[in-house]
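Undergrad: Put the complex together from the two separate chains, hints included.
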Amino acid sequence: ETGVTQTPRHLVMGMTNKKSLKCEQHLGHNAMYWYKQSAKKPLELMFVYSLEERVENNSVPSRFSPECPNSSHLFLHLHTLQPEDSALYLCASSQAPLGATNEKLFFGSGTQLSVL
Amino acid sequence: DQQVKQNSPSLSVQEGRISILNCDYTNSMFDYFLWYKKYPAEGPTFLISISSIKDKNEDGRFTVFLNKSAKHLSLHIVPSQPGDSAVYFCAARDDKIIFGKGTRLHILP
Numbered sequence: 136e137t138g139v140t141q142t143p144r145h146l147v148m149g150m151t152n153k154k155s156l157k158c159e160q161h162l163g164h165n166a167m168y169w170y171k172q173s174a175k176k177p178l179e180l181m182f183v184y185s186l187e188e189r190v191e192n193n194s195v196p197s198r199f200s201p202e203c204p205n206s207s208h209l210f211l212h213l214h215t216l217q218p219e220d221s222a223l224y225l226c227a228s229s230q231a232p233l234g235a236t237n238e239k240l241f242f243g244s245g246t247q248l249s250v251l
Numbered sequence: 569d570q571q572v573k574q575n576s577p578s579l580s581v582q583e584g585r586i587s588i589l590n591c592d593y594t595n596s597m598f599d600y601f602l603w604y605k606k607y608p609a610e611g612p613t614f615l616i617s618i619s620s621i622k623d624k625n626e627d628g629r630f631t632v633f634l635n636k637s638a639k640h641l642s643l644h645i646v647p648s649q650p651g652d653s654a655v656y657f658c659a660a661r662d663d664k665i666i667f668g669k670g671t672r673l674h675i676l677p
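In order, the protein sequences belong to chains A and B. Counted the way my numbering counts, the first sequence spans residues 136 to 251. Counted the way my numbering counts, the second sequence spans residues 569 to 677.
Keep in mind that the hints are not guaranteed to be accurate.
Listed next, the in silico BS3-like pairs over lysine-lysine satisfying Cα-Cα at most 27 angstroms (straight line) [as the list claims (entries may be wrong)]: (1) K153/A with K239/A; (2) K157/A with K573/B; (3) K176/A with K636/B; (4) K664/B with K176/A.
It should be emphasised that the hints constitute simulated quantities derived from the structure, not laboratory data.
Extracted from the complex, chain B is given alone in its bound form (with noise of 0.2 angstroms):
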C-alpha cells in the first residue's frame, strides 16, 4: 500500500502562472518531507523540505505547505517558468525515505 502518494499522473500550466502540486500521505509518524525534480535522463535533484513542526517552507520561487490534519503538503511555483518543465516526486521520512510515483510538470509558453 502507497504512503506517499501523487494522485496527478500529469500536469500543464502556463508560463508565469502558479503551478501546484499535491501530495498526501498516510504514514502520521512522518517527521520530514521533500519535494526532487527529475529531468530525463537525469537523476532526481533535491528541491525543497519541510520538518513537521512547520507549516510553510519558502525558497524563492518554491513554497512547500504542510497541513498535517489532512495528511497533505502541496508544492507551489510562481512564477512557473519554462525550465520547470519535469516530474516531481513527494518524498516522506520516518525511518527512511519513501517516494511518491512523481507528477509530470509541462509549462506552457
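The following block holds chain A by itself, in its conformation from the complex (with noise of 0.2 angstroms):
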C-alpha cells in the first residue's frame, strides 16, 4: 500500500462514452501527476498539478481533461478517446516542490484502460 489509491482499476469504453479516473493520496503530498504507461514504451508525463495548480501539460490531446479540486484528489477526464489511447494510466504524488533533489514519487495501482 503505497498510499496513493487509484480508481477504477480496470476500465473498457467506447470511443464515444465519457469516463473518468480518480485518484486520492493520503500522504499529505503537495503535488500529483497523470502518467500513461503504454506497452513497450516509457513511462510519459501528462499532467502535473502542484498545490492544486496545473503546472504542466505535456502536450497531452484535449480529450483528456485533468481536474485537481484539493491537494488530496486528481480526476483524468477522458471523452472520445481512441484505440490507442488504451494503455495504463498511473497517478503519483510527492512531497518535495517540484524540483527538489530529493523528489520521490509515489504511485497508484494504476487504471487499465482500453479503449474500443
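TA: Printed below as a string of C-alpha cells:
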C-alpha cells in the first residue's frame, strides 16, 4: 500500500463514452501527477499539479482533461478517446516541491484502460 | 528522442547471483537518478536513488553506480532473490522525472 489509491482498476470504454479516472493520496503530499504507460514505451508524463495548480501539460490531447479540486484528489476526465489511448494510467504524488533534489514519486496501482 | 534508455528489455539471473541492470542517458543536465521496481498489477515503487554529485549509493542488497562521463548508471542486486523478479525502471530528473522503458528481471531458481 503506497498511500495513493486509484479507481477504477480496469475500465473498458467505447470511443463515444465519457468516463473519469480518480486518484486519492493519503500522504499529505503537495504535488500530483498523471502518467501514461503504453506497451513497450517509457512512462510518459501527462500532467503535473502543484498545490492544486496545473504546472505542466505535456502536449496532451484535449480529449484528456485533468481536474485537481484539492491537494488530495486528482481526476482525469476522458471523452471521445481513440483505441491508441488504451494504456495503463498511473497517478503519482510527491512531497517535495518540483525541482527539489530528493523528489520521489509514490505511485498508485493504475487504471488499465481499454478503448474499443 | 528518448533521454533515458534501458536497452535490455529483459534479463534472467540465477538466484543467489548478481543482477546488473543498465541505463544510459543523454541529458547532461540530469542531477538526480532513481530506480523504481514494478510488480504486475501494481504501480512502480521507489527503490534507490543517487545524486549526480555521487558515484555510488548502497542500500542493503541494492547498489546504484553512476558514471557521469559515460552518462551511464547501473543497479546491482546481490544476492538476487525470487522476489526481485519484476520490471525495473530507470529514471532521471532535470525539471521533471523522465523514465526509461524498463527491464524485466527474471530470477531463476
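Undergrad: Next, verify each hint and record whether it holds.
TA: Evaluated hints:
1. For the hint pairing K153/A with K239/A, the CA-to-CA distance comes to about 32 angstroms; that exceeds 27 angstroms, so the pair is violated.
2. Between K157/A and K573/B the alpha-carbon distance is near 30 angstroms, which puts this suggested pair outside the 27 angstroms criterion.
3. A hinted pair counts as satisfied when its Cα atoms are at most 27 angstroms apart, and K176/A with K636/B qualifies at roughly 25 angstroms.
4. Restraint check for K664/B and K176/A: satisfied, since their Cα atoms lie roughly 18 angstroms apart, inside the 27 angstroms limit.
Checked against the numbered hints above, the structure breaks hints 1, 2 and satisfies the rest.
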